[in-house]
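Chains as they are written, first to last, in this note's numbering: chain U, 1 to 672; chain G, 1 to 225.
Derived from the structure by calculation, the hints contain no laboratory data.
Do not take every clue at face value.
To be verified - If the Cβ cut is set under 8 Å, some of the chain U residues that face chain G in the computed set are:
| # | residue |
| --- | --- |
| 1 | Ser397 |
| 2 | Pro400 |
| 3 | Leu443 |
| 4 | Gly453 |
| 5 | Arg459 |
| 6 | Phe551 |
| 7 | Ser584 |
Using N, Cα and C, we set each Cβ at its ideal position, and we do this for glycine too.
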Amino acid sequence: MSSLGLAQSALASALGAALLSLLLAAYPVWVRRLVFLSLALSGLLAVAGGLQALFTPAQATMLPIGLPWLSMHLRLDALGGFFLLTIGLLVFAVALYSVGYTRKLGKHRSIVSLTIFMSLFIAAMMGVVLADDAYTYMIFWELMSVTSYFLVVFNHEQMSNRKAGFIYLLMAQLGGLLILGAFAVLYAAGSSFEFSTMRTVELTPLWASVAFLLAAFGFGMKAGVVPLHVWLPEAHPAAPSNVSALMSGVMLKVAIFGFLRLVWDLIGLDQSAWWWGALVLAAGSSSAVSGVLLALQQHHLKRLLAYHSVENIGIIAIGMGLGMIFAYFDHPLLAALGLLAALYHTINHALFKGLLFLGAGAVLHATHSNDMEKMGGLIHRMPRTAVLFLVACISISALPPFNGFVSEWLTFQAALMAPQLEGTLLSALIPFSAAMLALAGALAATCFVKVYGIVFLGRARDPVAAEAHEVDGWMQLGMAFPAVLCLLLGVFPTLVLPVLDAVPQLLLQHGLADALHEGGWLWLTPLAGERASYAAPIVILAILAILSISFLVLRRRGGPVRRGPVWSCGFPGVTAQMQYTAVSFSQPLRRIFASVYRPREKYQLANLGHKMLTKRVRYTLHIMDLSWQYVYLPIGKLTLVLTQWVQWLHSRTLNTYLSYSFVTLLIILGLI
Amino acid sequence: MKLWWWNLVQALLLLLLAPLAVTLLKKFKARLQNRRGPGLLQGYRDLLKLIDKQVVLAEHSSWLFRFAPYIIFASTVLAAAIIPVTLVSAPFSLTADVIALVALLAVGRFFTALAGMDSGTAFGGMGASREMTISALAEPAMLMSIFVLSMAAHSTNMTTMITMVMNSGLELRPSLAFALAAMLMVAVAETGRIPVDNPDTHLELTMIHEAMILEYTGRHLALIE
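Same shape as in the complex, but just chain U (with noise of 0.2 Å):
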C-alpha cells in the first residue's frame, strides 16, 4: 500500500473509532475495547504511513468533498510523514493505556463523550498533517482545537476545569484567527488556496514578515512558547491523563509541524529576513528557562509536566531558530543540523512526555491525588510505573544514554557554529542561547529528583499514598512502548538521524546525508569527526560493563544486607511527616531566583501563650506566572474598560440614540 493509502486509513479508522463509540454507546464494555484498539490500529498505520513516506517522494490526491470549487487536496510528504509517524507512535501507546485507564472512569459515568471525541481529536490531528490546502488545512485544525476543549472540559462539574476550558478555547480561536490571516496573505498573493500555488508566490519583504509574524504567534499561541503558554498549565491538569499526554506530546507538535510547513514549506526561508529565526530563537530561550523555572515551583504534578512541556517547545524552538539563521546566512548544511535537532527533539519530547503524563495519571488512578505532597515511597506499592517513570524522568533531563541528551546534545552542536557567522551580532547572541539551554537542562535534573523523590522515593506522607495498587496490564503495556522507544533512540541515533534527513532535504534541499556518521554506525559525527563525536552504544556497554564488574567483586564482600533504622541525630522517632516536602526541596531556588518567582510567603504562628511555646506554624506560598501580571490582566483590563465604555453607550436615551445616528449618517455622507 502506498504511504498516502496508509495514511488515509490511518485517518479512515480513527474516524471509525468515532462512529463505533456512537453505535455502541449502549454497550460500555465494547466501546472500552473495540474504540481504543480501532484506535491502536490507526496509530500503527500512522507510523507505517509516515514512515514510508520518509523513504520515498511525495504523493498527493484529491477528494471530491467539499464545496462545489473547493474539493480536498491531500498530500504526504517526507515533513508530514515524519510528523505522522510520531503522532502513530504516542496514539498506539495512549490507545492501549486508555483501555486500562478508563475502566474505573467508566463506571460512574459514560465514556462515550470521551472517546468520541478523542478519536474525533486524533483524525484531526492526521488531517492537519495531511492537509494540501488552506481550507482543508483550516477545517482539521479548528476541528482539533473544538474537539481537545471538550476533552479538557470532559470532568467539567468541577469550576476550575470549565475555566481551564474556556481560556484554552479563547486562546485556541484567536490563534487559529492568526493562523487564518498567514494564509489570507499568501492566497491574496496567489489567489489560490492550493499549497502548490502558495509554495511558488513571491511575496513582497513586507507581506512576507506580515505572514511569518502571524504564523508565528498564531502556532507560538498552540505550541504554548512564552509569554503563549498561558493555557496549557491550565488546560492540561484538567483534561483526563490520557487526553493530557496526547495534548502535550503531539497537539503542540502539530502546531511546529503547521509552523514548519507555513514558514519553511509555503513561505519559504529563501523569503525571510535575518530577524525571524533570532525571534524564534529569543522566543525559545525564554521559554526553556522560564518554563522550567515554573515548573519547579508547581507541586501538583500534571501542572508541572506542563510546563516542562513549555520549556521543551522552547528546546525544538532553539533548534529551528538555529536552523532559519543558518538558513539565511547560506549555510545550509548547519541549518540541516539545526533542523534536525529539532525535529529529534520532537519526536524525543512526544515520547518522554507522553510516558510522563501517562505514569502521573497511573500514580492519579492509584491515589486519586494530583497533589506531590501526600505521595511517597510509591516505588514499593507501584514497583513497575515506578521504573518506567525513573526512564521518562532521566529522558527529559537530558542525561545519556537516553533520548533526550542526544537531541540536546545535537543542539548544543548547531549553537557552537555560530562562530560560522563572523562579523555579524548574531554570532554574539547564539552563545548566549547555548547558555540558556545549559541552564534549563540542568535546572530540568533537579526538577526531576524533586518528582521522583518526592512522589516514588522515601516514605509515603499520606495514607492515600501507603494504600496505592499497581495499575493493570493494558497501562503497564502503553507506557512501557514509550519507554523501550526513549532508551533505543538515545542509543542507536545513527540509524534514526538518516531517515529523518528526508526532511531537511525537503525543506532546505540539502542534508547531512553521510556526515552524520562518517566514522561507522556506532559513532554519531553531526559534522565531521574531528568536531565533535559521540558512541551512545559504547557508552551503555561500558557502563554496562562497569556496573556488572563493580557488582560482581564486591557482592560477596561483607557478608548478607542487614536493614536498620535511619540517622535520626539522636532523636528517637523519625516520621514520614519529617521527609523534605517538595515545597521545602525548591526553596534554595526560589531564593535565588526570586526576582523572577516574586514569591508571596506567608507564616502564621499559634502559640501556647509565650512566643516561645510554639503550636503550630502555617506557612502559604503563593507564586504567580508573571506573564499573567504583566501581559494578560492588563489586556482583560483594558477590555474590560472598552466594554464598560460601549455599554455606556448603550444606555442612553432615545434623543441620544437619534443623535448617534445623525451623526452617523453625516460622518457617511462626508465620506462618499
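Dock chain G against the given chain U, drawing on the hints supplied.
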C-alpha cells in the same frame, strides 16, 4: 588497538590513584592546621575496611538505594576513561565529547540525589535539594567555560581541543583566561570543597554531599567514596 589498551590502563591508573589524591589533600590540609595528618595509604585502608563491612540499609529504602552506588561508580569511572590525561588521542575520548562528559557526571549526581531522597529522612532530602541547586548553577557555568574553548578550537572533542591549545603555543587569549577562572570556581563547587561545601563537617545541617550519603554503609559507601 594498542591505543585502546593504553586508554584502559590510563583509566585504571586514575581509578587507583584517586584514594591517594584524597589522602594527599587531607594530609596537606592537616599540615596547614599544624597536624600531622593520615599516612599516605590511609585512603586505601579505609576503602578495604568499608568493603569488608556488613551493609546496613535504611529501613524504608528501595532497590534504587542499593543500585545507585553502582551506577554512580560506573558513570564516574567512564568519565575518567574519557578524559585524555596522558594520551592526547585517547580512543575512548571519541565516544563522548565534553558535553557528554559533563552529562555523565550529571548522571552520577542525579542518582546520588535520588538515593538521598530514598532514605526517607530530612537530611537526605536536604542534601539532595542543595546539591541539585548548586549543580544546576555550576553545570551551565562549566559548560560555558568549555564552550569558550571549543569555539576557539571549532570542536567539542577533547582530543582536538587539546591539540589546538598545544599547537597554538602560549598565545595569550583573554577569553581563555576568563574561562579558566570560571572553571576553577566551578571546580570548587563540583568537588564539594570550602566555601561551597565542607567534606569534613560533622554538623548535619551544614552538609551537602555528606547529607545525601549519610545512610550508606559498607561496600556501597566504598563505591561512592
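How the hints compare with the structure:
Annotation: U/Ser397 was flagged as interfacial toward chain G, and the flag holds, the nearest CB pair being 6 Å apart, inside 8 Å. Among the interface hints, the one on U/Pro400 holds; its C-beta lies about 5 Å from the nearest C-beta in chain G, closer than the 8 Å criterion. Hint status for U/Leu443: holds, given a least beta-carbon distance of 5 Å to chain G, under 8 Å. Taking 8 Å as the C-beta contact cut-off toward chain G, the hint placing U/Gly453 at the interface holds, the least distance being around 3 Å.
A hinted interface residue such as U/Arg459 counts as satisfied when its beta carbon comes closer than 8 Å to some beta carbon of chain G; here the least separation is about 4 Å, so the hint holds. Annotation: U/Phe551 was flagged as interfacial toward chain G, and the flag holds, the nearest CB pair being 6 Å apart, inside 8 Å. Hint status for U/Ser584 relative to chain G: holds, with the closest Cβ pair at about 7 Å, below 8 Å.
The structure agrees with every numbered hint stated previously.
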